Each structure stands twice: as structure tokens, then as C-alpha cells.
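Participant: Kindly generate the complete structure, drawing on both the sequences and the hints.
When the letters of the sequence shown are read in order and numbered with mature numbering (1 follows the signal peptide of the UniProt record, and there is no 0), they come out as residues -18 to -1, 1 to 103.
Just so you know, the hints here were simulated from the structure itself, not pulled from any lab data. Errors might be hidden in some of the hints.
Have a look at the derived ranges for each label pair, beta carbon to beta carbon [stated by the list, open to error]: (1) G71 <-> L11: 34 to 42 Å; (2) A64 <-> E41: 33 to 41 Å; (3) G46 <-> R87: 19 to 27 Å; (4) G25 <-> Q47: 20 to 28 Å; (5) G63 <-> N13: 36 to 44 Å; (6) P65 <-> D43: 34 to 42 Å; (7) G72 <-> G44: 30 to 38 Å.
From a predicted model like this one, the values you see are computed outputs, not experimental measurements. Heads up, the beta-carbon is just placed ideally off N, CA and C, and yes, glycines get one too.
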Amino acid sequence: MYVHSLIAGLLFATVASAGDMPVFHTLRLDNTTVNLSLLSSLGSTEPGYDFDVIVGLTELDGSGQRIFRDRGGHRARVRCGAPASVFVGGADHAIGLATTSHEPRDWKTDLWRSICTVPTS
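Facilitator: What follows is the structure, encoded as C-alpha cells:
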């Protein structure tokens, strides 16, 4: 699992450094869309975590035009192995991977999946 996570992290770090921001979570509210993007992903400096990431936020209007981009960058840490978690805002959030497709999508779970799972074709 660690090797897959390392490869995924390197791919995301390369893409993010190239100026492309891969969206890992989208929320739609009326005529507004909010995208959360992975700005960077590097091996974690904190023991017990696999990745240190920076998350960006972009808001789009109903026609898809950008109306706001949060340039602050929000830091988080991701643990891919058990117990899977995302540390953000001073709290460690457990990632429940047994959710059904009928449950609302949680951005922390989507972040974890984008970092810790390798796409299969």
C-alpha cells in the first residue's frame, strides 16, 4: 500500500507543480459550484502520516466562470494505512471506507481516496 501511495503522491506533486490543479471534490449549491483541488502533495514530515498536502478552493458560477479562488492553501496530512485518516484544522478525522454510494460525499474521504488509491483501468 505504501508504494502505491508514494507513486500516487509523486504523480500529484508533479501535476500540481506543472500548474494543473486536479479536483478531488465538487459541491454544488444552487447555481454555485465549489471545487476542492490538490495544490501539492509531498511525503509527510510528521511521523504516522504518509502525505502533507495543500488544498485549494475555487468557486464557479452557474455558467462555469470562476468567481473566487482561495489562494491561501489549506494544509492537511493524510494517513493511507490503518487507521486511515485526514488531519486538518487541528483534528484527526477517521476515514470510513465502508460508505454506500447513497451517502453524501465527504471531502476528507475524497481527499484520502485521491491520494491513497491508485486508479485501475
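Participant: With reference to the structure, classify each hint as holding or not holding.
Facilitator: To see whether the hints hold, each was checked on the structure:
At roughly 21 Å, the beta carbons of G71 and L11 sit outside the given window of 34 to 42 Å. Take A64 and E41: their Cβ atoms lie about 35 Å apart, and the range 33 to 41 Å holds. Taken as a hint, the range 19 to 27 Å holds for the pair G46 and R87, whose Cβ atoms sit roughly 20 Å apart. Between G25 and Q47 the CB atoms are about 36 Å apart, so this pair departs from the stated range of 20 to 28 Å.
Distance hint check: the CB atoms of G63 and N13 are about 40 Å apart, consistent with the given range 36 to 44 Å. Between P65 and D43 the CB atoms are about 39 Å apart, so this pair conforms to the stated range of 34 to 42 Å. Taking 30 to 38 Å as the suggested C-beta distance range, the pair G72 and G44 conforms, at roughly 35 Å.
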